[in-house]
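Protein chains: 2
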Amino acid sequence: MPTRKLEKVVSLHDIRVACLECSLNEICLPVGVDADDIEQLDAIIDRKRPLPRGDHLFRAGDAFKSIFAVRAGSLKTYATSQSGQEQVMGFHLPGELVGLDAIARNAHPLSARALETTSVCEIPFTDLEELSMQLPGLQRELLRVMSREIHDDEQNMVILGQKSAEERLAAFLIGLSNRFHRRGFSASQFNLSMSRGDIGDYLGLALETVSRLFTRFQNDGLLRVDRKHIELLNRDRLCLFSGARCHQHQAETAKSSRSN
Amino acid sequence: MPTRKLEKVVSLHDIRVACLECSLNEICLPVGVDADDIEQLDAIIDRKRPLPRGDHLFRAGDAFKSIFAVRAGSLKTYATSQSGQEQVMGFHLPGELVGLDAIARNAHPLSARALETTSVCEIPFTDLEELSMQLPGLQRELLRVMSREIHDDEQNMVILGQKSAEERLAAFLIGLSNRFHRRGFSASQFNLSMSRGDIGDYLGLALETVSRLFTRFQNDGLLRVDRKHIELLNRDRLCLFSGARCHQHQAETAKSSRSN
DNA sequence: ATGCAGGCTTGATCTGGGTCAATGCCGGAA
DNA sequence: TTCCGGCATTGACCCAGATCAAGCCTGCAT
Numbered sequence: 001m002p003t004r005k006l007e008k009v010v011s012l013h014d015i016r017v018a019c020l021e022c023s024l025n026e027i028c029l030p031v032g033v034d035a036d037d038i039e040q041l042d043a044i045i046d047r048k049r050p051l052p053r054g055d056h057l058f059r060a061g062d063a064f065k066s067i068f069a070v071r072a073g074s075l076k077t078y079a080t081s082q083s084g085q086e087q088v089m090g091f092h093l094p095g096e097l098v099g100l101d102a103i104a105r106n107a108h109p110l111s112a113r114a115l116e117t118t119s120v121c122e123i124p125f126t127d128l129e130e131l132s133m134q135l136p137g138l139q140r141e142l143l144r145v146m147s148r149e150i151h152d153d154e155q156n157m158v159i160l161g162q163k164s165a166e167e168r169l170a171a172f173l174i175g176l177s178n179r180f181h182r183r184g185f186s187a188s189q190f191n192l193s194m195s196r197g198d199i200g201d202y203l204g205l206a207l208e209t210v211s212r213l214f215t216r217f218q219n220d221g222l223l224r225v226d227r228k229h230i231e232l233l234n235r236d237r238l239c240l241f242s243g244a245r246c247h248q249h250q251a252e253t254a255k256s257s258r259s260n
Numbered sequence: 001m002p003t004r005k006l007e008k009v010v011s012l013h014d015i016r017v018a019c020l021e022c023s024l025n026e027i028c029l030p031v032g033v034d035a036d037d038i039e040q041l042d043a044i045i046d047r048k049r050p051l052p053r054g055d056h057l058f059r060a061g062d063a064f065k066s067i068f069a070v071r072a073g074s075l076k077t078y079a080t081s082q083s084g085q086e087q088v089m090g091f092h093l094p095g096e097l098v099g100l101d102a103i104a105r106n107a108h109p110l111s112a113r114a115l116e117t118t119s120v121c122e123i124p125f126t127d128l129e130e131l132s133m134q135l136p137g138l139q140r141e142l143l144r145v146m147s148r149e150i151h152d153d154e155q156n157m158v159i160l161g162q163k164s165a166e167e168r169l170a171a172f173l174i175g176l177s178n179r180f181h182r183r184g185f186s187a188s189q190f191n192l193s194m195s196r197g198d199i200g201d202y203l204g205l206a207l208e209t210v211s212r213l214f215t216r217f218q219n220d221g222l223l224r225v226d227r228k229h230i231e232l233l234n235r236d237r238l239c240l241f242s243g244a245r246c247h248q249h250q251a252e253t254a255k256s257s258r259s260n
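Respectively, the protein sequence lines represent chains A and B.
Here the working numbering is used: position 137 in the first sequence is 137, and no number is missing along the way.
Here the working numbering is used: position 149 in the second sequence is 149, and no number is missing along the way.
Since the hints were derived computationally from the structure, they do not count as laboratory data.
Treat the hints with caution; some may be incorrect.
Unchecked claim - Short derived list, chain B residues pointing at chain A, Cβ under 10 Å:
#: 1; residue: LEU100
#: 2; residue: ALA104
#: 3; residue: ARG144
#: 4; residue: VAL145
#: 5; residue: GLN155
#: 6; residue: VAL158
#: 7; residue: GLY161
Stated by the list, open to error - With a cut-off of at most 25 Å between alpha-carbon atoms, the simulated SDA-like pairs for lysine to any residue come out as follows:
#: 8; chain 1: B; residue 1: LYS65; chain 2: A; residue 2: ARG140
#: 9; chain 1: B; residue 1: LYS65; chain 2: A; residue 2: MET133
#: 10; chain 1: A; residue 1: LYS65; chain 2: B; residue 2: ARG144
#: 11; chain 1: B; residue 1: LYS228; chain 2: B; residue 2: ARG53
#: 12; chain 1: B; residue 1: LYS65; chain 2: A; residue 2: ASP152
#: 13; chain 1: B; residue 1: LYS65; chain 2: A; residue 2: LYS228
#: 14; chain 1: B; residue 1: LYS65; chain 2: A; residue 2: PRO136
#: 15; chain 1: B; residue 1: LYS65; chain 2: A; residue 2: GLN134
#: 16; chain 1: A; residue 1: LYS65; chain 2: B; residue 2: LYS228
#: 17; chain 1: A; residue 1: LYS48; chain 2: A; residue 2: GLY95
#: 18; chain 1: A; residue 1: LYS65; chain 2: B; residue 2: GLY137
#: 19; chain 1: A; residue 1: LYS65; chain 2: B; residue 2: GLN134
#: 20; chain 1: B; residue 1: LYS48; chain 2: B; residue 2: VAL31
#: 21; chain 1: B; residue 1: LYS65; chain 2: A; residue 2: ARG148
#: 22; chain 1: A; residue 1: LYS228; chain 2: A; residue 2: CYS239
#: 23; chain 1: B; residue 1: LYS65; chain 2: A; residue 2: GLN155
#: 24; chain 1: B; residue 1: LYS65; chain 2: A; residue 2: HIS151
#: 25; chain 1: A; residue 1: LYS65; chain 2: B; residue 2: LYS48
#: 26; chain 1: A; residue 1: LYS65; chain 2: B; residue 2: MET133
#: 27; chain 1: B; residue 1: LYS65; chain 2: A; residue 2: LYS48
#: 28; chain 1: B; residue 1: LYS48; chain 2: B; residue 2: PHE125
#: 29; chain 1: B; residue 1: LYS65; chain 2: A; residue 2: LEU135
#: 30; chain 1: A; residue 1: LYS65; chain 2: B; residue 2: ARG53
#: 31; chain 1: B; residue 1: LYS65; chain 2: B; residue 2: PRO136
#: 32; chain 1: A; residue 1: LYS65; chain 2: B; residue 2: ASP152
#: 33; chain 1: B; residue 1: LYS65; chain 2: A; residue 2: GLU116
#: 34; chain 1: A; residue 1: LYS65; chain 2: B; residue 2: GLY32
#: 35; chain 1: A; residue 1: LYS65; chain 2: B; residue 2: VAL31
Nothing here was measured: the structure is a model prediction, and the numbers come from that model.
Yeah, the Cβ is synthetic: ideal placement off N, Cα and C, and Gly gets one too.
Based on the provided sequences and hints, a complete structural model is requested.
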């Protein structure tokens, strides 16, 4: 059946887009790897078919074999405490790596679950480790990515440790906006792929609080919410509310200080 | 030359103890590096003279040149929000690395300050990066250490995101106890090098709350406090209070699941 | 179309822990 | 020895946000 073959060679989200042709290669692991060397990286990467919403990419306790890069869609990673309550550690957008926390213990400490239909690249870790011995650019970038992850987690600790509910949600929205923007999407308008409950579990708030804050922000004219859709009407004021020197997303756009 | 060798073999806290003779080499970066190769690692390391209590090793915003390993004493790393309030990210004991969060941005996002007289090994990062291209064991360990840091930060996010004050302090004490124990000190009795305020800033609590909890734990017979000195009287019950499956420090001792 | 389930909103109430304030204690300087 | 400054403890009060409890919307399955 030729039809079967045809099915595969299509859209932007084709399962087999090589790193070189991938629209994310300026954001993802290949950053800083020589174009000539990207093929080698490409060769060890395994493209999986899309994960339907709600499916797990891995679960806490699973043996560690690979790290994953999100290609399309989004994931959440989370820990479940014995009280049953989830702590969401992160929401992961295209171009971001998940599973870096598993290297040390050879097992995944967190579970990862698709928030929508999501495809990922699987990168077997032993191969990656070997390859990065040969490609200085790759080793560099790997260390950088891990360092950035540490830094991001620290930011989250600040948020959880000392910000008010209002500040938390504002910071969360600004952060999301920045990340979408860097990926070429609108900074002022986007869809949340996660539920209010997930946001609460991420920010250390009850989902009711999250909900109330959305309506309050809306009443204050900061944004407009419609279910999952968010439109930021006054980004600057929202920044103020977040109680943090916000990286102006202007600066982000200009890539002034970013990578390298 | 036997003389050169002799120079090196002195007191435990001698400024110039080489990695090979350092009592921490089973805990610190050299883990997993071949004994033959440790000399090379040793060669790039710069031993500084001790930092007096209260001095900064680096400050937020400083250019990133090196990572540091604590040799003796202890440090806290912290961010200061514009409200002036500190968020303490970690307390660092001998054998632990600090500064890993600076790699990505080429600048330190946090400040690091000595909690007591503290000596550190300075490891220039470019040298380290280069060397780890040659020594697979070193690259491996570096990735592992960073991964562990990510994992630890995630644990802290759980603590800050969903634990009660009581659970936080209990978890903190158990964690400290484990870390002391791994370094060969008593697990049931130790001195805190940080103030109540620091503990509060670490756990996201007011110092008054920390103080109250100490006295409450003492009244409950869980521990004895005398200023900086802590004696854990009922580790198991304290574990329960922490609301986490506590790694029994037995297991820790046996090194059952630890590294490699 | 109808019903149902899962998610969201909104209101009412309660409480853990923050804040403010006073007092106590220890250790170092003179 | 005394004084002083930085921590630590303890008490009284209060509020942000959790919890409990309806009710609601929307999209899917029958």
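Results for each hint:
Given the 10 Å rule on beta carbons, the hint for LEU100 (chain B) holds: about 6 Å separates it from the nearest Cβ of chain A. About 4 Å separates the beta-carbon of ALA104 (chain B) from the nearest beta-carbon of chain A, less than 10 Å, and the hint is met. Annotation: ARG144 (chain B) was flagged as interfacial toward chain A, and the flag holds, the nearest CB pair being 5 Å apart, inside 10 Å. A cut of 10 Å between beta carbons decides the hint on VAL145 (chain B): the least distance to chain A is about 8 Å, and the hint holds.
Because the beta carbon of GLN155 (chain B) sits about 8 Å from the nearest beta carbon in chain A, less than 10 Å, this interface hint is met. At a threshold of 10 Å, the smallest CB-CB gap from VAL158 (chain B) to chain A is about 5 Å, leaving the interface hint in force. Interface hint status for GLY161 (chain B): upheld, as the beta-carbon distance to the closest one in chain A is roughly 4 Å, under 10 Å. In summary, the hint linking LYS65 (chain B) to ARG140 (chain A) is supported, as the alpha carbons are separated by about 15 Å, within the 25 Å threshold.
Taking the CA atoms of LYS65 (chain B) and MET133 (chain A), the gap is about 22 Å. The hint holds against a cut of 25 Å. A C-alpha spacing of about 14 Å is found between LYS65 (chain A) and ARG144 (chain B), which places the hinted pair at or below 25 Å, so the restraint holds. Annotation: proposed proximity of LYS228 (chain B) to ARG53 (chain B) holds, straight-line Cα distance about 15 Å (limit 25 Å). Of the pairs offered as hints, the one joining LYS65 (chain B) and ASP152 (chain A) holds, with about 20 Å between alpha carbons and a cut-off of 25 Å not exceeded.
At most 25 Å may separate the alpha-carbon atoms for a hinted pair to count; LYS65 (chain B) and LYS228 (chain A) exceed this at roughly 44 Å. Our distance criterion of 25 Å between C-alpha atoms is met by LYS65 (chain B) and PRO136 (chain A), whose separation comes to about 18 Å. Distance check on the hinted pair: LYS65 (chain B) and GLN134 (chain A) sit about 24 Å apart at the alpha-carbon level, within 25 Å; holds. For the hint pairing LYS65 (chain A) with LYS228 (chain B), the CA-to-CA distance comes to about 44 Å; that exceeds 25 Å, so the pair is violated.
For a cut-off of 25 Å, the pair hint linking LYS48 (chain A) to GLY95 (chain A) stands: about 15 Å separates their Cα positions. The suggested pairing of LYS65 (chain A) with GLY137 (chain B) holds, with an alpha-carbon distance near 18 Å, which does not exceed 25 Å. Simply put, LYS65 (chain A) and GLN134 (chain B) have alpha-carbon atoms about 24 Å apart, close enough for the 25 Å limit, and the pair holds. This hinted pair checks out: LYS48 (chain B) and VAL31 (chain B) have alpha carbons roughly 22 Å apart, not beyond 25 Å.
The hinted pair formed by LYS65 (chain B) and ARG148 (chain A) meets the criterion: a straight-line CA distance of about 16 Å does not exceed 25 Å. Annotation: proposed proximity of LYS228 (chain A) to CYS239 (chain A) holds, straight-line Cα distance about 21 Å (limit 25 Å). Between the alpha carbons of LYS65 (chain B) and GLN155 (chain A) the distance comes to roughly 22 Å, so the proposed pair stays at or under 25 Å and holds. At roughly 17 Å between alpha-carbon atoms, LYS65 (chain B) and HIS151 (chain A) fall within 25 Å of each other, so this suggested pair holds.
This hinted pair does not check out: LYS65 (chain A) and LYS48 (chain B) have alpha carbons roughly 39 Å apart, beyond 25 Å. Using a Cα cut-off of 25 Å, the hinted pair LYS65 (chain A) and MET133 (chain B) holds, with the two alpha carbons roughly 22 Å apart. Restraint check for LYS65 (chain B) and LYS48 (chain A): not satisfied, since their Cα atoms lie roughly 39 Å apart, outside the 25 Å limit. The hinted pair formed by LYS48 (chain B) and PHE125 (chain B) meets the criterion: a straight-line CA distance of about 16 Å does not exceed 25 Å.
As the CA atoms of LYS65 (chain B) and LEU135 (chain A) are separated by approximately 22 Å, the hinted pair is consistent with the 25 Å bound. Taking the CA atoms of LYS65 (chain A) and ARG53 (chain B), the gap is about 43 Å. The hint is violated against a cut of 25 Å. In summary, the hint linking LYS65 (chain B) to PRO136 (chain B) is supported, as the alpha carbons are separated by about 22 Å, within the 25 Å threshold. Of the supplied pair hints, the one linking LYS65 (chain A) and ASP152 (chain B) holds, its CA atoms being roughly 20 Å apart against a limit of 25 Å.
Only pairs whose Cα atoms come within 25 Å are accepted, and LYS65 (chain B) paired with GLU116 (chain A) is rejected, the gap being roughly 41 Å. Distance restraint check for LYS65 (chain A) and GLY32 (chain B): the Cα-Cα separation of roughly 20 Å lies within the 25 Å cut-off, and the hinted pair is therefore satisfied. The straight-line distance between the Cα atoms of LYS65 (chain A) and VAL31 (chain B) is roughly 22 Å, inside the 25 Å bound, and the hint therefore holds.
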